[in-house]
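Residue numbers (numbering that gives the first Met the number 0), protein chains in the order written: chain A, 0 to 271; chain H, 0 to 264.
Below, a list of computed lysine-lysine pairs in the DSBU-like style, where the Cα atoms sit at most 35 Å apart:
id: 1; chain 1: A; residue 1: Lys262; chain 2: H; residue 2: Lys242
id: 2; chain 1: A; residue 1: Lys19; chain 2: H; residue 2: Lys141
id: 3; chain 1: A; residue 1: Lys23; chain 2: H; residue 2: Lys165
id: 4; chain 1: H; residue 1: Lys43; chain 2: A; residue 2: Lys262
id: 5; chain 1: H; residue 1: Lys141; chain 2: A; residue 2: Lys265
id: 6; chain 1: H; residue 1: Lys141; chain 2: A; residue 2: Lys262
id: 7; chain 1: A; residue 1: Lys23; chain 2: H; residue 2: Lys163
id: 8; chain 1: A; residue 1: Lys9; chain 2: H; residue 2: Lys165
id: 9; chain 1: H; residue 1: Lys51; chain 2: A; residue 2: Lys262
id: 10; chain 1: A; residue 1: Lys23; chain 2: H; residue 2: Lys141
id: 11; chain 1: H; residue 1: Lys54; chain 2: A; residue 2: Lys265
id: 12; chain 1: H; residue 1: Lys163; chain 2: A; residue 2: Lys9
id: 13; chain 1: H; residue 1: Lys43; chain 2: A; residue 2: Lys265
id: 14; chain 1: H; residue 1: Lys54; chain 2: A; residue 2: Lys262
Now the in silico label distances, taken between C-beta atoms and shown as ranges:
id: 15; chain 1: H; residue 1: Asp161; chain 2: A; residue 2: Arg266; range: 35 to 43 Å
id: 16; chain 1: A; residue 1: Arg266; chain 2: H; residue 2: Lys43; range: 18 to 26 Å
id: 17; chain 1: H; residue 1: Leu259; chain 2: A; residue 2: Arg266; range: 26 to 34 Å
id: 18; chain 1: A; residue 1: Ile250; chain 2: H; residue 2: Arg63; range: 43 to 51 Å
id: 19; chain 1: A; residue 1: Leu251; chain 2: H; residue 2: Trp260; range: 56 to 64 Å
id: 20; chain 1: A; residue 1: Leu31; chain 2: H; residue 2: Ser168; range: 26 to 34 Å
id: 21; chain 1: A; residue 1: Pro144; chain 2: H; residue 2: Asp198; range: 55 to 63 Å
id: 22; chain 1: H; residue 1: Arg126; chain 2: A; residue 2: Phe6; range: 25 to 33 Å
id: 23; chain 1: H; residue 1: Ile46; chain 2: A; residue 2: Glu235; range: 41 to 49 Å
id: 24; chain 1: A; residue 1: Ser198; chain 2: H; residue 2: His140; range: 53 to 61 Å
id: 25; chain 1: A; residue 1: Lys265; chain 2: H; residue 2: Lys242; range: 22 to 30 Å
id: 26; chain 1: A; residue 1: Phe6; chain 2: H; residue 2: Lys242; range: 39 to 47 Å
id: 27; chain 1: H; residue 1: Pro158; chain 2: A; residue 2: Gln180; range: 50 to 58 Å
Partial pick of chain A residues on the chain H-facing surface, computed with a CB cut under 10 Å:
id: 28; residue: Lys9
id: 29; residue: Thr20
id: 30; residue: Lys23
id: 31; residue: Arg92
Since the hints were derived computationally from the structure, they do not count as laboratory data.
We treat Cβ as the ideally placed atom computed from N, Cα and C, and that holds for glycine.
So you can see what is in the structure, the chains are spelled out below.
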Amino acid sequence: MGIPHIFCHKNRILLGELIKTDFKLRYQGSVLGYLWAILRPLLMFAILYIVFAKILRFGDGIPHYPVYLLTGTVLWNFFTECTGQGIQSIVMRGELLRKISFPKYIVVLAATATALINLAINLCVILIFALINGVSPSWSWLLVPFSVVELYAFSLGISFLLGAINVKYRDITSIWDVLIQALFYAIPIIYPLSMVIESGSYGMLAAQVIMLNPIAQVIQDVRHNLITSQAVTTWEVVPGWYGLIPILLVILVLVLATLFFRKRSKRFAEEV
Amino acid sequence: MSKLPRCIHKSHKSTPSSDQAYAIRVHDLHKSFRLPTERAAGLKQAIFNWLKGVKGYTEQQVLRGVSFDIRPGEFVGIVGRNGSGKSTLLKCLAQIYYPEQGSITVNGTLVPFIELGVGFNPELTGRENVYLNGALLGFSHKEMDAMYDEIVHFAELEPFMDAKLKNYSSGMQVRLAFSIAIRARGDILILDEVLAVGDAAFQEKCNDYFASLHGEQTVILVTHSMENVRRFCDRAILIENGKVAVEGKPDVVATAYNNLWKKED
Numbered sequence: 000m001g002i003p004h005i006f007c008h009k010n011r012i013l014l015g016e017l018i019k020t021d022f023k024l025r026y027q028g029s030v031l032g033y034l035w036a037i038l039r040p041l042l043m044f045a046i047l048y049i050v051f052a053k054i055l056r057f058g059d060g061i062p063h064y065p066v067y068l069l070t071g072t073v074l075w076n077f078f079t080e081c082t083g084q085g086i087q088s089i090v091m092r093g094e095l096l097r098k099i100s101f102p103k104y105i106v107v108l109a110a111t112a113t114a115l116i117n118l119a120i121n122l123c124v125i126l127i128f129a130l131i132n133g134v135s136p137s138w139s140w141l142l143v144p145f146s147v148v149e150l151y152a153f154s155l156g157i158s159f160l161l162g163a164i165n166v167k168y169r170d171i172t173s174i175w176d177v178l179i180q181a182l183f184y185a186i187p188i189i190y191p192l193s194m195v196i197e198s199g200s201y202g203m204l205a206a207q208v209i210m211l212n213p214i215a216q217v218i219q220d221v222r223h224n225l226i227t228s229q230a231v232t233t234w235e236v237v238p239g240w241y242g243l244i245p246i247l248l249v250i251l252v253l254v255l256a257t258l259f260f261r262k263r264s265k266r267f268a269e270e271v
Numbered sequence: 000m001s002k003l004p005r006c007i008h009k010s011h012k013s014t015p016s017s018d019q020a021y022a023i024r025v026h027d028l029h030k031s032f033r034l035p036t037e038r039a040a041g042l043k044q045a046i047f048n049w050l051k052g053v054k055g056y057t058e059q060q061v062l063r064g065v066s067f068d069i070r071p072g073e074f075v076g077i078v079g080r081n082g083s084g085k086s087t088l089l090k091c092l093a094q095i096y097y098p099e100q101g102s103i104t105v106n107g108t109l110v111p112f113i114e115l116g117v118g119f120n121p122e123l124t125g126r127e128n129v130y131l132n133g134a135l136l137g138f139s140h141k142e143m144d145a146m147y148d149e150i151v152h153f154a155e156l157e158p159f160m161d162a163k164l165k166n167y168s169s170g171m172q173v174r175l176a177f178s179i180a181i182r183a184r185g186d187i188l189i190l191d192e193v194l195a196v197g198d199a200a201f202q203e204k205c206n207d208y209f210a211s212l213h214g215e216q217t218v219i220l221v222t223h224s225m226e227n228v229r230r231f232c233d234r235a236i237l238i239e240n241g242k243v244a245v246e247g248k249p250d251v252v253a254t255a256y257n258n259l260w261k262k263e264d
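Just chain H, same shape as in the assembly (with noise of 0.2 Å):
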């Protein structure tokens, strides 16, 4: 093995300042799935394929070569079509998935949103559920008590906070888990499909406080929706068969995005 995976997240104060021209530098990134072929999630089935001689999977590629980079206050788009291998990026980025050939590099602290309300339960409170979330982010609890207020107040629930989350409308959990992923402190924050949440009146506020993070915090934002790109993004990338395709203005980029189905008709 000449080329070792490495995944290094460096922490803010031990970098030295000229290594701050990126928040995020991906290197060449592959990586592939070893998708189960029948039915192998069995003993006796894995000891068939072994007695057989079969690999009880085939390696499905997901991603092959991805390298960019991203500057600190950033607000960056991925986009790209079902399949094409964003969600992956992002967990790799995320550190969830283990490329395998590749490196990422992170300045600062990185705050992961790939799905919102991770760690929910419903049999807690909604108070409960935000420290619970909080930890699993990789929060203290001051921190949380710092920013616990906040939470609240941007999601409006100051009322049902000791009220189970299995009593909160479906519409209250979602603004909730929003909520602590806008307000969590961290230095670079990825968010994966979750502008649209809440009534009108919340994504209003959700769209204002977008507008208002840009060039203060760097952002991964992955969408479909390119109205969102170019209000909005400073950049955008298009990433299709596990590579980046296209890479520059918003505009250039959900055009291109637009042209992917254009060009099979």
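Chain A extracted, bound-state conformation (with noise of 0.2 Å):
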């Protein structure tokens, strides 16, 4: 088996092909179809920014607040999409897997692969609102990929362990639910870090911790790369090489989760 196995013309076919049909079928059978991929962040972000931006006034001080916002609300949506997505694909996709043979990973891979896409579609949507709200382009909009790359890595790791986990003990999607509600406070994506560090003695402290979290570093470093140089990136908080603690967390969870994955993958078929 091993490393080269793993995208061979045929799983790369089965990959394919299970994409194209749940793409098919996410949005069959409503009137707008595929644009609730848009507008549904959109929305979202509307009403983020009528509380936040309008009533709460968060945005004060930082410049391009709007795009700031919805840049932050997208990467958490396709963070939240992709884990959802992918901790239910084994158990949702059980019936297959009783039947048939075939490796376990892809059906991960497919189940991400839509939040992959309709992430690929909303950054064109920001691209096209900072444009509008008056930011310049600059190189920098070129390391976006690096941290969508590094997202989607932390999004599978978590997917490949919990979805393994999943299929003898579903109260895992219960406790990821809450756990994603109280991720979302614990991360800058409506307040500006800079209220952190001045809240106090241990603000600084505080920042420190959130911006260890690898979803808040990728949130951060798009923003400062995209938007303003003015959002506060890990490398600017955490002291010296103190600041690759997220990467190699994120490279951590996926090595470990897959390698338990490929180990409970083997009794997918019995237990689910």
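Put the two chains together into one complex; each comes in its own frame, and the hints tell you how they fit.
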């Protein structure tokens, strides 16, 4: 088996076919169809914008705050959609796994692919908004794809790990739902990080802990590279080499999760 | 662990011709399942079980040392009463289950049909379902293109291929699934209880097709119909309590199968 086997011709075809099917089925029977993939995050953004930018005035002092907020919500939505679909994927395709033999990771990849496609489209929307909002294009935009890859790797790692556990313990889905609500507030998506830093004597420490989270690091990096250099990144808050912790965390989670998934996947057909 | 489970699937091209004496060789296959005892399908119960030192499952031995060879071009029937381990054996052959012990060697490509129409989705059209099903069985687009017309022709569904599957009658769905199964080009075909589909005319057509496979294609057929065993098979294997009980001529095995119940009376 080994690594070259993973993306052999046969498996690529199956992956493509599963992604195509998911994509076709997702918005079937809705009037606006695929438009919802763009509309949903935009509408959520509108709510957050009205509450936090207009009523609570969180964004004063941050240039291009609407785009700044949109970027955060789009990346966050990608993370929740990707992990949500990924964790459920093995159980959802249980019927298939019991009847036919194919590499199980394909199911997880196919489930997360839809989120990836949606993210690509939403990033285009962000770019358009940014240009309308008066953000000037810069070379640092080219760094954004690296951040996206990092976020996807992290989501995939979580999907592999929790998706494999979810086969036996269905509680995982509910636990993850709650956890993700808490995580939302632990990441500077709606509030600026400067607000945490200035909040008291432990403000700086809190900001450092917050920024060690890979999701926070990615969101702030993308904002920094895409919109405004005022977005505080991990490198600015965390001293020296500690800034590498989020990236190492992503690699660690992905590697361990993949190994765990591979070990467990042999019994999926029996347990699911 | 001195005996590691092995599952070797060789392809036709890479195997020298001297190895071609058999299409499938199963040696000393063991498989057991962990059956959850109480409600062990939750985190809470799992933690309780762990604290109490209770194993949340009981081991059930399903296959206890099954061995047999199947030669290329042979039509082999596998029979046995419910729960004897036939389907588990088939799923091991199809690489869906991993055996704990023993080995399976396969020469050639294996196309398993544990169930017809795996992955069929009612919201997709007939055509889309054929290609999806094909991809799941490991066929590329090109290979499916080559098979597609034949599949549709055999199913007699030419006018309906662009209609959604949910608008098919159940008979039409099964006919489509069955046509994929028998038109799929593989060296070894595995079929589980799928002969009885469609109306009398379609069944007749299927039976003719099976008769025509004789000597051409390696087929493993799991069935409860002794009539089919006598009609199609070159050889049959009776599985009882996870072991090969009788192996030999279809007539002999069919008689032994029918005697299973007589012994008990």
